[in-house]
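Residue numbers (the numbering used here): 15 to 1019.
For the record, the hints were derived by calculation from the structure and aren't laboratory data. A couple of the hints might just be wrong.
[Unchecked claim] In silico SDA-like pairs for lysine to any residue, Cα to Cα no more than 25 Å straight-line:
#1 Lys697 - Ala508
#2 Lys697 - Arg684
#3 Lys697 - Arg655
#4 Lys533 - Ala508
#5 Lys178 - Asp309
#6 Lys106 - Glu251
#7 Lys697 - Tyr664
#8 Lys697 - Gln762
[Unchecked claim] Using C-beta positions, here's what the derived DEER-type ranges look like:
#9 Asp662 - Pro886: 12 to 22 Å
#10 Gly769 - Arg1008: 31 to 41 Å
#11 Gly298 - Leu278: 10 to 20 Å
#12 Ser832 - Arg916: 26 to 36 Å
#13 Asp662 - Arg975: 29 to 39 Å
#14 Thr284 - Ser95: 13 to 23 Å
#15 Arg916 - Pro886: 52 to 62 Å
#16 Arg975 - Thr614: 13 to 23 Å
We treat Cβ as the ideally placed atom computed from N, Cα and C, and that holds for glycine.
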Amino acid sequence: MSDGAKAVESSGRGYGVERLDAPPMGIETGLTVRRERLLRELAFKAGEAGIALVCAPKGFGKTTLLFQYAATVRSDPERGSVELIDAGRMAKHELRDLLEEIGQGQPVEARPLIAIDDVPRLEKEEARRIADLLRALRGRGFEVVASCLPSNRALLSTLGDSAKIAPPALAVQPGEYAQWARAFSIAPSLDVYELTQGVPALVVQLQDATGAQMGGSLLEAGIEELYQGVMGELRRERDSLYRIVCLMLLMGSGSFEELERSGLRVRQETRSRLARDYPVFALGGGTGSFGCLGDEDGAGVRLRRDIAARRPEFATQAVRLLIRAGRVDAAVRLIGLVLDSRAAAGTLAQFPVHFALAGHAAFVSRVFAEMGRVPAAGIETGALLAVYTAALTAGEYHNARRAAVELRRRADEIPQQVDPADWGVARALSEAWGPVSGTELPELDRGFSPEREPRAAARLRAHARGYRELIGGSGAPLPAEAREAVPSSAADNALDVPSVLLATDRCLESALRGDGVVKSQLDDLEDLAEVLAERRLVPLSVRVRMTASACRMLAGLPVTDERGFVDAGTMAVREGDLATQLFCLAAEGWQALALKQTVTAQFRGQQVLKLAEPGQSFLRSWGTMLERTSYLRGTSRVKIREDAEALDLYREDCGPAEAWAVAMHLAAARFDSELSAWFSLNKAVMLEPGFRPIARHALALLGARCESLRSMIPRSLLARYVRGDEAPLAERTLFEVVNGTSGAEAGQVVINLFGGFHVERNGHVLTDEIWRRKKTSVVAARLTLSLGSFVSRRTIIDELWPDAGYSRGRESLYVTLSSLRRALGQREEGLQYLLTQGDGVALNGELIYSDVRRFDGLAREILLSGEDATSPQIVEASLKMEQLYTGPLYLPDCGDPSFFARMRRAFATRFVDCMVRGIDAALAAENLSSASWLVESALRHAPAREDLIRRAMSVYDLCGRRRELVELYNGHLHYLKNELGAVPEPETRAAYERIVDRSRKAVMM
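Construct the entire structure; sequences and hints are all you get.
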């Protein structure tokens, strides 16, 4: 029997069966799954109608179902005997004679079963006679169940009064799949319906599957056998479905709409028949889509070759269907499998631009190489145009020129042999590669043009206009048509040249005019460059690499493609594209500047300025910024200040590049007042959004030299002028060098008390003339030490005027506070630096910055951080503290200075404590240079502190400074003996002796 081995022995003339063995489902184990749902449905339908037909292609388990049903009936004591008939091994007349013989017996009462497997195809008259015999058996009390193929249409239509079990019902349903998975040990991760469409014979083969969406060799063989059976059945019957099924298998997947585009109409009843009789094509009811089972490189290859061998015209038609549907990748795979070089060349002549636009230039070259032909008079005009477009996209400009010459010679033949839409796309592609000399296509009559411009041509021209203006013009944003969504046909191919060009343009625009690309976009660009290189599309590959390198450079990311700009510049020279060449030249300069090659970078900037035309404002702005940034980074401050004196600050109507160049020069020269005026006048031009990326890049490369310029950028925009690899803004706003001259904000007052009294406002030092009343500075210092809290007037009077009465002291304080307001620039309607509340007086902590407050913050960070802070963090904070503490706290020489004296001692002690903690952390991190620096600073302020002496000796010992170690200890001994009449602590003496003894032993050895 079909669908498996059939071990059946019948009594011939009787109605019994000697042995019933259910056939295996196409595997060697012999396991079967009992189809309880189907058996109940079959029993119900057969019981009602008396005749039931199980109709399905091979592989749907018809025979297994018949065996299981026969076994069920045989085990029922209320039913009669069972007769199994293998009609597939009988001649038609033998089947007819057997049914007549069975029907000649006496009527029966127990409803015996006659199961007929694999009823052969019957002609209309034969089907009528068999149907009459089956109805006669039903009339005598028999129950008849038969199986056949869907092609047995005469029998199916003649037995209209019978019950039908269609192929969809035989498929493995979700509710019963768990039983199949357990029986055949199928992995739960498999996509069962994607791999098998629920066909029972294929579900069984999933036990050999190797991945969630992959089958094994047995599954591929089963799929091939299934489709071969369907095609063989339709071919034998000369069924109209045969052509449709062959085209579907050749295409692999698609939609009926694609078939109808080529004139092959697929009616709704045909689709319904496919879904009902042959549910193995994954038909999408609402979308009209279809899909075939199997791996493209497995069963699909053998099936396609078999179809092409039988019907070559089907293969050619399928290729054209795929190309018209925009699925050029699938068409190329199919051509490689089923068409020879001559047929492939004919396809190229019919579709001259499609392959180049999908990135298959190498395929076009290979086709003509196999034919031994070159772009000359020997090939068709359409094929010649295919060679031309492929040569452009592959960078084979020699072949492109030869093809262009021949096309110009055949200008009169082009309208008769080339579609107007294809010619329009080819001309648009030529414009996109416009600067390449000798590749111009001939000008034809204006009447030879499509009624509507092809989408690909419009997108190519949008790229040409947008890129030309972005790089070689004013740097204006891309046109609206360059931002349109990618057409759905482009998604069917791995590459689409217009989409690649426009996507690259958008990324380049985002890098040059916006906030840069995200990491995923950058990864996509780099992956795309690899795909283009594999396809040997060199011009596109280097363009994408150039874009990715520009995005990385402007984002401050490490350069991974060191030759990205060089290769793009070389290709631009071959193409005669001066704009791209100058852009790559400037980009190489920025890349060199990041590597501190300032001379090279400055030379590149000068070259760009020399070669760029007046209308190429974008390139000239990059050249200006590169030249000035390189100069400022590689020139001494003295020379920069000398050249800054000659700057013309009276210029009007300057562009963003010139405005930024002057501003950076003034910032590097530390001409802060001039910078403030210049920035105020040119702020609108300088803060233009489209110029932010290159300005951000220049500021990052200049670093601290342009810190004063960065501080003038409004806080709302400051984040857009900080590159991702720079320090966070929160860290940048701290006063790392607290001299009050860097990073000052408008209205801010800086009062520093370490190393003396020092006041600045808006970055300018307030002179002695403003502070001519001595006690004004004392009151300011006293309030600064209590910054953030109010000090009572009585306390200030007692400290500054201890010998005066309260009334007189109050009057003096009133005059002093008025003088302090004037010194700070406080007005009634302006910023309030001095605050009063009841009897208290305070400085406004939001407007006043002081080194003592920063000192307290660092001290807490160093001394109270515990184990949460790492050694490098403590060392860094200690170095900041050392930089901040420029000397002892300010001590006034009038009034009662006892409060200042106490604070002075407290700050000095806390400073040394911080230095000691920093020394310990530096030693733990083996950072001897930082430890030495901190030791020297601490000894200057506390030369007699014992714990500091011990740490200093340890540091000197580790650094090999033995003589300084001995001098330090002897000096300490002398100071204690002569000044204090004391001796060193035992720990200090023991530490010294231990170091000295170790040194002596080393010398003796």
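Hints versus structure:
1. Lys697 - Ala508: Violated - the C-alpha atoms of Ala508 and Lys697 are around 46 Å apart, more than 25 Å.
2. Lys697 - Arg684: Holds, at about 19 Å.
3. Lys697 - Arg655: At roughly 23 Å apart (the allowed maximum being 25 Å), Arg655 and Lys697 satisfy the hint.
4. Lys533 - Ala508: holds, 21 Å
5. Lys178 - Asp309: Violated, at about 33 Å.
6. Lys106 - Glu251: Holds. Lys106 to Glu251 sits at ~17 Å (cutoff 25 Å).
7. Lys697 - Tyr664: holds, 15 Å
8. Lys697 - Gln762: Distance ~21 Å between Lys697 and Gln762 Cα, so the pair holds.
9. Asp662 - Pro886: 12 to 22 Å: Since Asp662 and Pro886 have Cβ atoms about 47 Å apart, the given range 12 to 22 Å is violated.
10. Gly769 - Arg1008: 31 to 41 Å: Once the Cβ atoms are compared, 37 Å apart, the range 31 to 41 Å for Arg1008 and Gly769 holds.
11. Gly298 - Leu278: 10 to 20 Å: Holds, at about 18 Å.
12. Ser832 - Arg916: 26 to 36 Å: Given range 26 to 36 Å: holds, Cβ gap about 29 Å.
13. Asp662 - Arg975: 29 to 39 Å: violated, 55 Å
14. Thr284 - Ser95: 13 to 23 Å: Given about 43 Å between the Cβ atoms, the range is violated.
15. Arg916 - Pro886: 52 to 62 Å: violated, 34 Å
16. Arg975 - Thr614: 13 to 23 Å: violated, 42 Å
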